[in-house]
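Asker: Assemble the whole structure, with the sequences as input and the hints as a guide.
Residue numbers (my numbering), protein chains in the order written: chain Y, 1 to 354; chain F, 1 to 263; chain L, 1 to 293.
No lab work stands behind these hints, which were simulated from the structure alone. These figures come from a predicted structure and were not determined experimentally. Backbone N, C-alpha and C define an ideal beta-carbon position, used for all residues, glycine too. You may find that some hints are simply not true.
[To be verified] In silico lysine to aspartate or glutamate, DMTMM-like type, Cα no more than 20 Å apart, as pairs:
1. Y:K128 / Y:D212
2. Y:K342 / F:E157
3. Y:K149 / L:E253
[Said to hold, decoys possible] Covered by chain Y, per the in silico footprint, the following chain F stretches (three or more residues, Cβ under 8 Å):
4. 86-93
5. 107-119
6. 126-134
As a plain string of letters, each chain reads:
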Amino acid sequence: MSASIHRLPAPFDHAPIEIVERRLPWGLLALLGVAFVLLPLLGGDYWLNAILIPFLVLSLAGLGLNLLTGYTGQTSVGSAGFMAVGAFATYGFLLREPGLPLPLALVAGGLFAAAVGFVVGIPSSRIKGFYLMVTTLAAQFFLEWVFVKFPWFYNHASSGTISAPRLEIFGHPLGSAEGRYLLTLGTVAVLTWVAVNLVRSQIGRNWMAIRDMDTAAAVIGIPVERYRRLAFAVSSFYLGIAGALWAFAYLGTASAGSFDINRSFQILFIIIIGGMGSIAGSFIGAAFISLLPILLSHGGQLVFGGSLDAGQVQNLQKVIFGVLIIVFLIREPEGLVRLLAKLRARLAVWPLRF
Amino acid sequence: MSTHAPTPGEFILEVNNVSLSFKGVKAISALSFRVRRGEICALIGPNGAGKSSLLNVLNGVYRPDSGEVVFESEHFRRIHPLEAARRGVGRTFQNNALFKKMSVIDNVQTGLSRHMRSGFLEQAFGLPRARREARAFREQAESVLEFLELQAYRDVEVGSLAYGLQKRVELGRALIAGPGLLLLDEPMAGMNADEKREMSRFITDVNRDLGTTVVLIEHDMGVVMGLSGHVVVLDYGRKVGDGTPAEVQANPDVIAAYLGTVH
Amino acid sequence: MTFFLETLLGGLLAGTMYSLVAIGFVLIYKASGVFNFAQGAMLLFAALTFVTLHEQGLPVVLALVLTLAIMVVVALIIERAVLRPLVARSQITLFMATLGLSFIIEGLAQGLMGAEVRALDLGIPDVPVFLGEVMISQFDLVAAATAAVLVTVLALLFNKTRIGISLRAVADDTRAALSIGIDLNRIWQIVWAVAGCVGLVAGLLWGARQGVQFSLSLVVLKALPVLIIGGFTSIGGAIVGGLIVGATENLAEVYLGPLIGGGITPWFAYFLALAFLYVRPAGLFGERAIERV
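Answerer: Now the structure itself:
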């Protein structure tokens, strides 16, 4: 069978059409410069520990889920379960292979999570759409149970928690806030670059085709089931690494309870609010979710005189999230990222320019 | 399946005694006809006559209850849609099976999916082979866009395009991999006279310049007369006419099937 | 043998509790095609409201009536503000909207009425009942009886009253129902109000069983396996599904659990549901969707 593309014959075949290669994105480089150099220097420990690191990790998790849900169209409520796999697997590797470099341990944890994700994606050949979401629900509860019931995973610690092993790269210790921040930033930067490559490639187009109309995708020759499983695997890889970073670069100690169903919902909210099917959206959503609690407690101080207690802040948060989800779903299903794009477009013609 | 390239026969497609029913309702009854290589064959008939179902059988979406299809001398009753695509059957749909949230050029490029050779890691890390292939795909898509005069809409989200343009994009997606047989399901539905003329022109160009055999479902007799050399008429899933447009128009059975009203 | 029967019966009775929750889902799904994730939050809200009113000194019956009224109002607001704008969207979108809704209700409920676990006393004695040698919880019996009464009332509603028949028409073919003049919005309002009432009953029973607390809203997730097994569109299916889930869950925990570490209740039902999906994608009683290209 044909292994080459039929070139459309003359007179419709011209000399190769000029394809404009993407120019070097100066804005992005500046942003990276700030992130890698300025922020660690200027940001205090509080900012790094409590805001930037969780923001980055949640962005990564959102990115992972977005690949599966936003780009391939498969809703999943099991994100936290896959994060747990990554966290516990990385922990296991670092514990049992003392000589293993940290980056490799992270990748290995991610691969474990990818394998689990792949298995969860297997039923996609028989089970469709909404029901496949139930598979992710089953996986979530099952994984939560596994990481509580089998002490081997947390080295038989009586508290059931895993703690950050000594973090270092090539001998340089990473235990400080700056160190953990740079580790997280570096990982997120690399994985984001990969994600951008993927969504712009034919693989990304195939995923989106499956999302938009899987019957048509099958008819034009896309092996739908294979791509679904691939999406599950890749998404879980990202989530696994995010889980490891969440446990070790942010929390310090974690247990199965850090990766419960509420966390899964949180990741889902990130991409709904930020923008499904958008890489930038994952970051925007994560920023929103990271910053809102702080805004609320400070805002609460202004509005209510004394500060709201933590419980009330949480409740208020819940209400606001819920309202935002609904508002976004009704008015702007493409999330904040689309909203911001529209705003930018409107600003570009204001005042009217000729 | 034979592994040597079959000698191109005169007939690219043969439908032999195909029958298909849904829950007791017969959609197609003992249908037989043949399509010559390189011709434009129109399937016409009143609504519900089984035309779309036949197209679905031809590219493997439905499995007929009996009979067989011969495509490029290969016999089969049911073929997997992926396999049909692989063998060079392209298809458009009545309701525009486009990927609504993707751009025009991305939609067209998905048509090349089965020709993708670079692997996951290559695409993930932007390795040279993946980049070369992506460039080749992009160039092919640009050629198609130019052929169908769609360049102006290259990056537009398909879901926001006018219906007529969407149908053209769908044609582009079906075309890009160079199919030997193109199945078009009402490619001109919802178009005004000018748009129909344009679409006819494109279909003729595809047939003449690329040598693609075309089987299309069409309701507008004027279009059929001008566009096709071979017409097959269906009524209640049975063939009631088969020949040149002139022959078919004069056929009393055909006239009866339409009750005299042909628009 | 006695032990087996006890386990089985206990599971079946617990299953009726699941059925109650599932029935609320079926109602809404049948009429508006939405999987209402907020049902759980509504349960929690109902239970909390009742408990709070009662604590404020209102006699039980008054508190009940007032809660019922509030639930109906809440249901109507939901239908108006959330569902109607999203009427044409995909299932997943609607599901996510109800997810957001559940957050709102939870946040409001706990914000207004506090987040501590509250005991809910319905006056059902804690003394077990004996059927021959088999021991049964009296509470479970009452729950089962309540479910039976509820189902009978609903069956009468759907089959004997005009409103009920209109409801079934809407569920069957919305456009046809419109064309004979049925007011769609009215029907949806009624359905949501009824679902609110069912939610109240279920919420009270569940609250009495495990205390009124946040996890009540997660009970809704258990309804999913019930609906998958019994079908999304059949009340009878919800009952059978609930019984199956309750029974097998209990049996599995008792007989299978010790072999693999125990505590398998959180996830067992889902795997059961998945097995069903492999064999019968539409559930036992649901409608098979025919896909036309």
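Asker: Honestly, which of those hints from before does the structure not fit?
Answerer: Every hint satisfied by this model.
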